[in-house]
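*Asks:* Sequence:
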Amino acid sequence: MARRRTRPDRSGVEQPELPLAATPRKRLSTLLEPAAAARLAVARRAKPSAVPDHVRLVLTLELRRELAEKLSLKAIKSERNIEAIVIGLIEAAAKQWR
22 MARRRTRPDR SGVEQPELPL AATPRKRLST LLEPAAAARL AVARRAKPSA VPDHVRLVLT
82 LELRRELAEK LSLKAIKSER NIEAIVIGLI EAAAKQWR
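Here our numbering is used: the first residue of the sequence shown is 22, the next is one more, and so on.
In case anyone wonders, no lab produced these hints; they're calculated from the structure. Wrong hints could be hidden among the right ones.
[To be verified] Result set (DSBU-like, lysine-lysine): computed pairs, CA atoms no more than 35 Å apart in a straight line:
| no. | residue 1 | residue 2 |
| --- | --- | --- |
| 1 | K116 | K91 |
| 2 | K98 | K116 |
| 3 | K91 | K68 |
| 4 | K95 | K116 |
| 5 | K98 | K68 |
| 6 | K95 | K68 |
| 7 | K116 | K68 |
Keep in mind it's a predicted model, so treat the numbers as computed, not measured.
Could you build all of it, start to finish, from the sequences and the hints given here?
*Replies:* Structure follows, in structure tokens:
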């Protein structure tokens, strides 16, 4: 018959108490200029692309069904994919910001 193992006595070892609230960390974006913060954000989030001077930035969009259907219709009519349509719209909007 096998003997049962006994647990070692841990009565003298106490686990330290954890803090209730996390300590707030300083945000780097408040210390950086907006252009530097944007470069840092892209460096952290985007992946290199096969196309030179491009990055791969994955977005998940939640759109109204009607808008998604309009974008799909525009993509089908222009024989492009929906990603190309959205990129074109973003680039057109970015030209207005300048």
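*Asks:* Take a quick look at whether K95 and K116 sit within 35 Å of each other, Cα to Cα.
*Replies:* holds (21 Å)
*Asks:* Does K68 sit within 35 Å of K98, going by the straight-line distance between their CA atoms?
*Replies:* The hint holds at about 31 Å.
*Asks:* Is the Cα-Cα distance between K116 and K68 35 Å or less?
*Replies:* Measuring from Cα to Cα gives roughly 24 Å; hence the hint holds.
*Asks:* Run the distance test for K95 versus K68: straight-line Cα separation, threshold 35 Å.
*Replies:* Holds. K95 to K68 sits at ~28 Å (cutoff 35 Å).
*Asks:* Would the pair K91 and K68 pass a check requiring their Cα atoms to be no farther apart than 35 Å?
*Replies:* holds (29 Å)
*Asks:* Would the hint linking K116 and K91 be met if the CA-CA limit is 35 Å?
*Replies:* Cα-Cα ~23 Å, so holds.
*Asks:* For the pair supplied as a hint, K98 and K116, confirm whether the alpha-carbon distance does not exceed 35 Å.
*Replies:* Since the Cα atoms of K98 and K116 sit roughly 24 Å apart, the hinted pair holds (cutoff 35 Å).
Comparing the model with each earlier hint shows no violations; every hint is respected.
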